[in-house]
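Asks: Line by line, the protein sequences are chains A and P. Here this note's numbering runs 5 ahead of the position in the first sequence, where the first position is 1. Here this note's numbering runs 52 ahead of the position in the second sequence, where the first position is 1.
You may find that some hints are simply not true.
Claimed, not checked - Coverage of chain P stretches by chain A, computed from C-beta distances (three or more under 8 Å per stretch; other residues unrestricted):
{"#": "1", "stretch": "98-107"}
{"#": "2", "stretch": "189-201"}
{"#": "3", "stretch": "278-289"}
{"#": "4", "stretch": "334-348"}
What the hints assert, rightly or not - Just a sample of chain P residues kept apart from chain A, beta carbon distances all over 12 Å, derived:
{"#": "5", "residue": "Pro110"}
{"#": "6", "residue": "Leu112"}
{"#": "7", "residue": "Lys127"}
{"#": "8", "residue": "Met215"}
{"#": "9", "residue": "Leu253"}
{"#": "10", "residue": "Arg259"}
{"#": "11", "residue": "His264"}
What the hints assert, rightly or not - FRET-style restraints, in silico, Cβ to Cβ:
{"#": "12", "chain 1": "A", "residue 1": "Ser83", "chain 2": "P", "residue 2": "Gln139", "range": "38 to 48 Å"}
{"#": "13", "chain 1": "A", "residue 1": "Leu52", "chain 2": "P", "residue 2": "Gly214", "range": "25 to 35 Å"}
{"#": "14", "chain 1": "A", "residue 1": "Ala18", "chain 2": "P", "residue 2": "Pro300", "range": "53 to 63 Å"}
{"#": "15", "chain 1": "P", "residue 1": "Ile107", "chain 2": "A", "residue 2": "Gln56", "range": "24 to 34 Å"}
{"#": "16", "chain 1": "A", "residue 1": "Tyr60", "chain 2": "P", "residue 2": "Val118", "range": "30 to 40 Å"}
{"#": "17", "chain 1": "A", "residue 1": "Ser8", "chain 2": "P", "residue 2": "Pro90", "range": "36 to 46 Å"}
{"#": "18", "chain 1": "P", "residue 1": "Pro267", "chain 2": "A", "residue 2": "Leu234", "range": "44 to 54 Å"}
{"#": "19", "chain 1": "A", "residue 1": "Glu55", "chain 2": "P", "residue 2": "Asp121", "range": "23 to 33 Å"}
Derived from the structure by calculation, the hints contain no laboratory data. All residues carry an ideal CB built from backbone N, CA and C; glycine is no exception.
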Amino acid sequence: MYSYIVRRLAFGAITVVGVSIVVFFVLRVLPGDPLVAIFGPEGFTKLSPEQRASYMAQLGLSDPLIVQYLRWVRDILSGSLGHSFFRSESVAEMIARRGPLTAEIAALSVVLSWLVGIPVAIVSALKPNSIGDNVSRFLSILFLAIPGFWLAMLIVLVLLFGLGYRAPLANVAFFTDPLANLQIVVGPAIVLGLGQAAYIARMARSSLLEVVREDYVRTARAKGLNNRLVIAFHALPNALLPVITLSGILLGFVLAGSIPVERAFGTPGLGYAMYTAVSERDIFVMQNLVFLYSIVFVLLNITVDLASAWLDPRIRYR
Amino acid sequence: MSVTQPDTTLPLESIAVAQPSWLRRALRGLRTFVRRSPMSAFWACVAAAIIFMAIAAPALAPFDPVRADFRHMTKPPSELHWFGTDQIGRDTLSRVIYGSRASLTVAAGAVLLGTTLGAIWGLACGYFGGRFDIFSQRIIEFLQSFPDLILAMAIAMALGAGMGTVIVAIAITRIPFGGRVIRAVVLSLKELSYVEAARGLGASHMRMMARHILPQCIAPYLILATTHLGVAIIIEAALGFLGVGIPPPTPTWGNMLADSLNAGLVPPWWLVLFPGVAITLTVLAFNLLGDGIRDALDPRLRGAV
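Could you put together the complete structure from these sequences and hints?
Replies: Shown next as structure tokens:
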């Protein structure tokens, strides 16, 4: 087990270093001068070549790429992460301010996806091909097809016209004003949660249907146990393993999905910051955020692998 | 150019006899498909209708999708403009119809490029194995360490705006899926006795792959491709929505949704509703068609793809 963990972590570390290199160089080949992004096309043409050179030097963009990369690595290790083109706060401060909101959204959406997905899957698997099963299967396929950000826009519109309600736009920490904070978080969490619930319901259904055919389930039934108890205590725990794996992987995709969803809701989280950075072509913020998302994604995958190895000893020996 | 027309010299009967061998098989396959899963057949019709809409867009659209009309700005649906107009008076119905072109072109291009590259890569990995396989698996795992939307965003930004770059960006995110699935299929095929027999008879690598392995990969490839069409459409819409997709004058569903947010404090409902319904219907049609093809061709792949 320990060698498995060490191997997995070592590979994760190599991946993270590789990700940082790829992210850095992909964003450096961006077409267009970063100064155009900062001063605008008109302001850019008014700058003299000397001014341009001095601004580039100030931003550290005129050094060789290797030097720039090493400087970024130093920034990452020191924890400051550099500055945005446009805002005075450092990227680290921005992440500290906005990150908790997105983390909250992600966590809440996972909880919601389980609360919705698992019961739906149980109802489906108890009576396969019944009306209830077909309806829930169609609903899960439907929610796979609905883009989250569009659902978000619809929710905003319906709340606005139906109830005259608009969620607050200012960032509030949970501990200062829980109610306002929840109002911001609930919308994106529901949208992202429903998207995941569709995957979870599908996976849990097929996994349950497979487990129900196993011998030990038949034995449990044969000894006269109530069907519901068999499902709850014998079938479900074993059927949940692939669902846990899936849920972890989905959580990574939720982080990406939160970018357009936060844009649609106007949620002041990390996803919105990513959107702003993209539309402003702010490469310093982008490289840090893409890197952060990738690290979280890699860590999640490692956690999922380790969790499933811990829950199911058969996996370790593969 | 000396024109010899062997076809016209043939009697008609011989053509009629020559065709059925494959045509009848295809028709019979289609009939079985419709009978076995009528729902999938229905969604296949919807998908076909959407493809037709994209091809025949100029004939179907009542207005020019990019022409502004300042007498009808931000008007709700009416008899003249069935789906209303946007803030500079462009007809939403025409834009939704033309939007299918961008969506389907990008999705088809990305899947053809990405899934095919991935499938060929997976075929080579599974067939040759060894160090090449291990190395390739690491690269694929690496590609998978980015969430696909973020990878597509970064690549689309790096390559600059345009339809080609969006296709490439989405295609790169599709490569790992094709690679993994086809590799797994090839690995299981390699152990089968008919493949071993062919190897024993001294078939070359190319012949082995082309004649014995490749035909077995077509079913999983088709299923994979249809399923990923839906994913590609959603990613394309999200890229357009975030402003890194196909640049604005071109009507795409994602761009239309992004435009509606810029229309004012409150986006008009018709600008939000119709493009989104178009995305959902298209993705739904391709996903269900993919499920149907999977169940018809190879039910064992349920859950694997």
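Asks: Hint by hint, note whether the structure agrees.
Replies: These are the hints, each one checked on the structure:
no.	hint	in the structure
1	98-107	violated (count 0)
2	189-201	holds (count 7)
3	278-289	holds (count 3)
4	334-348	holds (count 5)
5	Pro110	27 Å, holds
6	Leu112	23 Å, holds
7	Lys127	17 Å, holds
8	Met215	16 Å, holds
9	Leu253	34 Å, holds
10	Arg259	33 Å, holds
11	His264	28 Å, holds
12	A:Ser83 x P:Gln139: 38 to 48 Å	47 Å, holds
13	A:Leu52 x P:Gly214: 25 to 35 Å	28 Å, holds
14	A:Ala18 x P:Pro300: 53 to 63 Å	42 Å, violated
15	P:Ile107 x A:Gln56: 24 to 34 Å	52 Å, violated
16	A:Tyr60 x P:Val118: 30 to 40 Å	37 Å, holds
17	A:Ser8 x P:Pro90: 36 to 46 Å	53 Å, violated
18	P:Pro267 x A:Leu234: 44 to 54 Å	48 Å, holds
19	A:Glu55 x P:Asp121: 23 to 33 Å	48 Å, violated
Comparing the model with each numbered hint stated earlier shows that hints 1, 14, 15, 17, 19 do not hold.
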